[in-house]
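Build out the structure end to end from the sequences listed, making use of the hints.
Just so you know, the sequences run in chain order A and B.
Throughout the first sequence, residue numbering follows this note's numbering, covering 171 to 409 in sequence.
Throughout the second sequence, residue numbering follows this note's numbering, covering 366 to 688 in sequence.
Hint data in this document are derived by calculation from the structure and do not stem from the laboratory.
Hints may be right or wrong, so weigh each one.
[Stated by the list, open to error] Pairs of lysine to aspartate or glutamate residues, derived as EDC-like cross-links and limited to a Cα-Cα distance of at most 20 Å, are as follows:
id : chain 1 : residue 1 : chain 2 : residue 2
1  : B       : LYS383    : A       : ASP303
2  : B       : LYS383    : A       : ASP279
3  : A       : LYS342    : A       : GLU371
4  : A       : LYS355    : A       : GLU200
5  : A       : LYS342    : A       : ASP331
6  : A       : LYS355    : A       : GLU293
7  : A       : LYS355    : A       : GLU371
8  : B       : LYS679    : A       : ASP303
9  : A       : LYS342    : A       : GLU332
[What the hints assert, rightly or not] A few chain B positions that, by computed beta-carbon distances, are all more than 12 Å from chain A:
id : residue
10 : MET395
11 : GLY490
12 : ILE512
13 : TYR535
14 : LEU648
15 : ALA661
16 : VAL663
17 : VAL664
18 : ALA678
19 : GLN687
Note that CB positions come from ideal geometry on N, CA and C, so glycine has one too.
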Amino acid sequence: MTLLSVNGVTKRYGGLTAVDDVSFDIMASELVGLIGPNGSGKTTLLNILSGLATADAGEILLDDTPCHGLTPEQLAHRGVMRMFQLTRVFRRMNVIDNLLVAGRALGLDHGEALTRAHALISELRLDAVAALDAGQLSGGQMKLLEFGVCFMVPPRIALLDEPFAAVHPTMKEIMGAFIRARHAKGQTFILVSHDMPVVVELCPRAICMNAGAVVIDAPTREVLNDARVIEAYLGGHAA
Amino acid sequence: MTQASPAPAAGAQLTTTKTTVEFRAALVAMAIVALIPLGVSNPYWLGVLIVSMYFAILAGGWNLLAGYAGQFSLAPATFAMIGAYTTGLLGTYYNVPPLLGIAAAIVVSGLVGLVLGRAVLRLVGPYLALTTLSFAEIMRLVASNTIDITRGDLGLGVAGLPIGRLAWYYLFLAVLVVLLILFYLLLRSKAGLFLQAIRDDEVAARRAGVDVVFWKTAAFTLSAAASGLAGALYAHFAELVTPELGLIAQTGLILSMAVIGGMGTLAGPLVAAFLVYVLSEWLRDVGGYQLVVFAALVVIFARFFREGLWGLAKAAVRRWRQA
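Here's what the structure looks like:
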């Protein structure tokens, strides 16, 4: 079953085409890696998918219903959850309240939200810091908290932008385990990452972008061995 | 003291719990205010306390918008002025009775707040502050220059109420307590979470599914309506409305009350309104120095004590319990 369908999405900033006629389908319960060198349009594509930017052309279908042009809050209610590369948490609210915000906003009552918050806190091993304001957490703990916020109500699809970047190895392991466990239960993901070993390990399928366009969309092993992908990373056609 | 923490997150105080503690403290403070007339019968000081309550409502309303929702508006005094002129003009030109006039003042100032809130929806930080400041000055200049209607700086006479000073005292107190309860119920609900989430990170709040447009507009509207109510009550108490109600210096006083008391706390700004206003009356004899003192206090509190007097009191209680 196709969960998310991206058809001919294009985004231009002045003379720069950041996303160039991108099309792909994501099936339910897939975990797809989205890779590509810096500036290849991965984050812009995620911005479009999560409603923070609007495409100049093309359409996006979620569960066979158009969802382009919706705001981030509308998309959150439709089940699109975005994790940012630069961690975004509510810095002056404590860990539990951070989770409660997402739970209550997505329609849970207080009791249910509290139960889920506590479950996520122990799953993400944030017990020791649950009483602290999010601003006092380490970078890795903030990332874990952001994971929790995104999964208070399990989304239809989770868009993860570089979750492993600049994070302590222990935290990385907790995150990896979290993603694996959720994926095993049927959670759908798009994972943007520069960390190739992680992409190989987690994602059966990968999409590689370069200069805004999809270079190849295939099983991950195949993608990493593709000459065009290697060229894109090494800058074969640069200058 | 034992080191082990019993249940996970046992030390974590939810926003709802925090709000309840602050609410109880505020109720205790209001109970003390209710007892003051037993010892103080001097009409001058009763008047000072009544004006303190006027400011407490304004500081509480501004705190909802700026302290909780993070929308640093510089127009709270303007909404008081709008409320005061609403009931004043309705009474003067249409013989509307004071109670109806006050109700109209709540609606009109709330609506103006709604429109302003929608207009500044995308502005943050200094841009929001400067835009609301311009709005405030424009409204004040309109009031003082529409001489044919408002009598300008001469002021507009407003009907009083057939009640004595003591009754006024308890009327203001009752309104203050009702607003306190309303704010408490609002902030204890999910709205409290959403407003603070918007304050901390608007994009993250939208990502989490919070309807940012709705809650920001709601905060502007409620805050403006509360200020309008305060202004309308004050108009009937003073039996006069002038554009001076909307002076930026008035907003400065409201700001300093909220900052010194503790922005984003329910009890702080209310209590600080009394302290700051009574202090400003005492310092009146010294001349114009009061504003210098408050400005210095605001800078010190904003820089070093972000939770204001409430935060200091909380820390003191914690230390005392641990000792």
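We went through each hint and held it up to the structure:
With a C-alpha separation of about 13 Å, the suggested pair LYS383 (chain B) and ASP303 (chain A) falls inside the 20 Å cut-off, and the hint holds. For the suggested pair LYS383 (chain B) and ASP279 (chain A), the alpha carbons sit about 19 Å apart, so the restraint of at most 20 Å is met. A threshold of 20 Å between alpha carbons decides the hint, and for LYS342 (chain A) with GLU371 (chain A) the separation of about 13 Å falls inside it, so the pair holds. Using a Cα cut-off of 20 Å, the hinted pair LYS355 (chain A) and GLU200 (chain A) holds, with the two alpha carbons roughly 11 Å apart.
At roughly 14 Å between alpha-carbon atoms, LYS342 (chain A) and ASP331 (chain A) fall within 20 Å of each other, so this suggested pair holds. Proximity of LYS355 (chain A) to GLU293 (chain A) is assessed by CA-CA distance (about 15 Å); at most 20 Å being required, the pair is judged to hold. Proximity of LYS355 (chain A) to GLU371 (chain A) is assessed by CA-CA distance (about 17 Å); at most 20 Å being required, the pair is judged to hold. For the hint linking LYS679 (chain B) to ASP303 (chain A), the alpha-carbon distance of about 16 Å falls within 20 Å, and the restraint holds.
The hinted pair formed by LYS342 (chain A) and GLU332 (chain A) meets the criterion: a straight-line CA distance of about 11 Å does not exceed 20 Å. Non-interface call for MET395 (chain B) relative to chain A: holds, since the shortest CB-CB distance, roughly 27 Å, exceeds 12 Å. Against chain A, the non-interface label of GLY490 (chain B) holds: every CB pair exceeds 12 Å, the least being about 16 Å. No Cβ of chain A comes within 12 Å of the Cβ of ILE512 (chain B); the nearest lies about 46 Å off, and the non-interface call holds.
The Cβ of TYR535 (chain B) lies farther than 12 Å from every Cβ of chain A, with a closest approach of about 35 Å, so its non-interface assignment holds. For LEU648 (chain B), the condition that its CB be more than 12 Å from all CB atoms of chain A holds, with the nearest at approximately 33 Å. At roughly 25 Å, the least C-beta separation between ALA661 (chain B) and chain A is larger than 12 Å, which holds for a residue marked as non-interface. Non-interface status of VAL663 (chain B) relative to chain A is upheld: no Cβ of that chain comes within 12 Å, the nearest being about 20 Å off.
Its beta-carbon lying about 20 Å from the closest one in chain A, VAL664 (chain B) satisfies the requirement of being farther than 12 Å from that chain. The Cβ of ALA678 (chain B) sits about 19 Å from the closest Cβ of chain A, beyond the 12 Å cut-off, so the non-interface label holds. Even its closest Cβ contact with chain A, about 16 Å, leaves GLN687 (chain B) beyond 12 Å, as expected for a residue assigned away from the interface.
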